[in-house]
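**Q** The chain contents come next:
There are 2 protein chains.
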Amino acid sequence: MFAPDPRLEISSIFVTDLALCQARLQADARWPWIVLIPRREGVRELEDLAAHDLETLTREILLAGRAVRAMAGAADRKIDKLNVGALGNVVAQLHIHVVGRRRDDPAWPGPVWGFGAPVDYALEKLDAMSALARATLQI
Amino acid sequence: MFAPDPRLEISSIFVTDLALCQARLQADARWPWIVLIPRREGVRELEDLAAHDLETLTREILLAGRAVRAMAGAADRKIDKLNVGALGNVVAQLHIHVVGRRRDDPAWPGPVWGFGAPVDYALEKLDAMSALARATLQI
Chain A
1 MFAPDPRLEI SSIFVTDLAL CQARLQADAR WPWIVLIPRR EGVRELEDLA AHDLETLTRE
61 ILLAGRAVRA MAGAADRKID KLNVGALGNV VAQLHIHVVG RRRDDPAWPG PVWGFGAPVD
121 YALEKLDAMS ALARATLQI
Chain B
140 MFAPDPRLEI SSIFVTDLAL CQARLQADAR WPWIVLIPRR EGVRELEDLA AHDLETLTRE
200 ILLAGRAVRA MAGAADRKID KLNVGALGNV VAQLHIHVVG RRRDDPAWPG PVWGFGAPVD
260 YALEKLDAMS ALARATLQI
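Protein chains in written order, with my numbering: chain A, 1 to 139; chain B, 140 to 278.
If you're looking for bench data, these hints aren't it; they were derived computationally from the structure. For clarity, every value in this text was computed on a predicted model and none was experimentally measured. Beta carbons are placed, not taken as given, at the ideal position from N, Cα and C, and that holds for glycine. Heads up, a few of these hints could be off.
[What the hints assert, rightly or not] Below, simulated EDC-like cross-link-like pairs (lysine to aspartate or glutamate); rule was C-alpha separation at most 20 Å, straight line: (1) B:220 - A:104; (2) A:78 - A:48; (3) A:78 - B:186; (4) B:264 - B:215; (5) A:81 - B:180.
[Unchecked claim] Partial list, computed: chain B residues near chain A (C-beta under 7 Å): (6) 197; (7) 216; (8) 218; (9) 221; (10) 230; (11) 248; (12) 250; (13) 253.
[What the hints assert, rightly or not] If you anchor each label on the Cβ, the simulated ranges turn out as follows: (14) A:41 - B:261: 40 to 46 Å; (15) B:264 - A:124: 52 to 58 Å; (16) A:1 - B:150: 40 to 46 Å; (17) A:73 - B:257: 18 to 24 Å; (18) B:140 - A:59: 27 to 33 Å; (19) A:42 - B:229: 43 to 49 Å.
Bound conformation, chain A alone (with noise of 0.2 Å):
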């Protein structure tokens, strides 16, 4: 049965179950960040998906790259580059990471993996960036 991560689930709240994906936002404030985890059990590379689920996952990359740059857009925060990244250095599960990038931005043009500590979003402002993503993810 797929679960998420217990590392995954802590440091990101749940958005939507999109067709392949669990989607959840990145619980950090400082970029706008979306986790996409294949509901599938045992996954550890994209290798180890089927060709249809790869086919669904590139869609839902796609889809979860609107939904970052509307988070952006709603805070005014314009990105100027998307990052996708697939590690699992630290959680083996597979995952990819979906991050609006602007230049303006604490790490850039570094890599957000690894770098510094996250910042709590206001309550509020967790909510409403997480519906903001639902509405684009499930469009």
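Got chain A; can you put chain B on it based on the hints?
**A** For chain B alone, coordinates are given in the frame of chain A:
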């Protein structure tokens, strides 16, 4: 007309042209590392690719993963995790990194991007890795 960004050219060597991407070997002996550059002009984000190109890209990312595993195997250094990333904060032209990671590598569990300085390959080693990558990618 497609041409790889000069900053990608200088940090990697040509391996082969696949159906969609130019595959290049990152000139950094610290990691088995393939860079895929879709041979399309003016493409910065995954969403800029046509749907059939995205499907091809997915297949070529899996192929590159196999090549990276082969390169690591040849050095008797089995990898623990593949890292796949499309960042583009430094070079905006769309390019996808496929990197073989080991628990005892210098940047583990952090990302490789922006970590320390590249280590040159010995010339004969570079040739051997490139030939091996080419053979694996062209299967």
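**Q** Hint by hint, say whether it matches the structure.
**A** Hint by hint, here is what the structure shows:
With a C-alpha separation of about 31 Å, the suggested pair residue 220 (chain B) and residue 104 (chain A) falls outside the 20 Å cut-off, and the hint is violated. For the proposed pair residue 78 (chain A) and residue 48 (chain A), the alpha carbon gap of about 35 Å is over 20 Å, so the pair is violated. Annotation: proposed proximity of residue 78 (chain A) to residue 186 (chain B) holds, straight-line Cα distance about 17 Å (limit 20 Å). Between residue 264 (chain B) and residue 215 (chain B) the alpha-carbon distance is near 14 Å, which keeps this suggested pair within the 20 Å criterion.
For the proposed pair residue 81 (chain A) and residue 180 (chain B), the alpha carbon gap of about 17 Å is at most 20 Å, so the pair holds. Interface restraint check: residue 197 (chain B) against chain A, minimum CB-CB distance 5 Å, threshold 7 Å, status holds. Annotation: residue 216 (chain B) was flagged as interfacial toward chain A, and the flag is violated, the nearest CB pair being 16 Å apart, outside 7 Å. For residue 218 (chain B), the interface hint is violated, the least distance from its beta-carbon to any beta-carbon of chain A being 10 Å, above 7 Å.
At a threshold of 7 Å, the smallest CB-CB gap from residue 221 (chain B) to chain A is about 6 Å, leaving the interface hint in force. Contact between residue 230 (chain B) and chain A, as hinted, is not supported at the beta carbon level, the nearest pair being about 9 Å apart and thus beyond 7 Å. The beta carbon of residue 248 (chain B) comes within 4 Å of a beta carbon in chain A, closer than 7 Å, and the hint placing it at the interface holds. With its C-beta approaching chain A no nearer than about 4 Å, residue 250 (chain B) sits inside the 7 Å limit, and its interface hint holds.
Checking residue 253 (chain B) against chain A by beta carbon gives a least distance of about 4 Å; that is within 7 Å, so the hint holds. Take residue 41 (chain A) and residue 261 (chain B): their Cβ atoms lie about 43 Å apart, and the range 40 to 46 Å holds. Take residue 264 (chain B) and residue 124 (chain A): their Cβ atoms lie about 56 Å apart, and the range 52 to 58 Å holds. For the pair residue 1 (chain A) and residue 150 (chain B), the beta carbons lie near 43 Å from each other, so the given range of 40 to 46 Å is met.
Distance hint check: the CB atoms of residue 73 (chain A) and residue 257 (chain B) are about 37 Å apart, inconsistent with the given range 18 to 24 Å. The given range of 27 to 33 Å is respected by residue 140 (chain B) and residue 59 (chain A), whose C-beta atoms sit roughly 29 Å from each other. Range check, residue 42 (chain A) to residue 229 (chain B): about 35 Å between beta-carbon atoms, so the 43 to 49 Å window is missed.
Violated hints for the displayed structure, listed by number in ascending order: 1, 2, 7, 8, 10, 17, 19.
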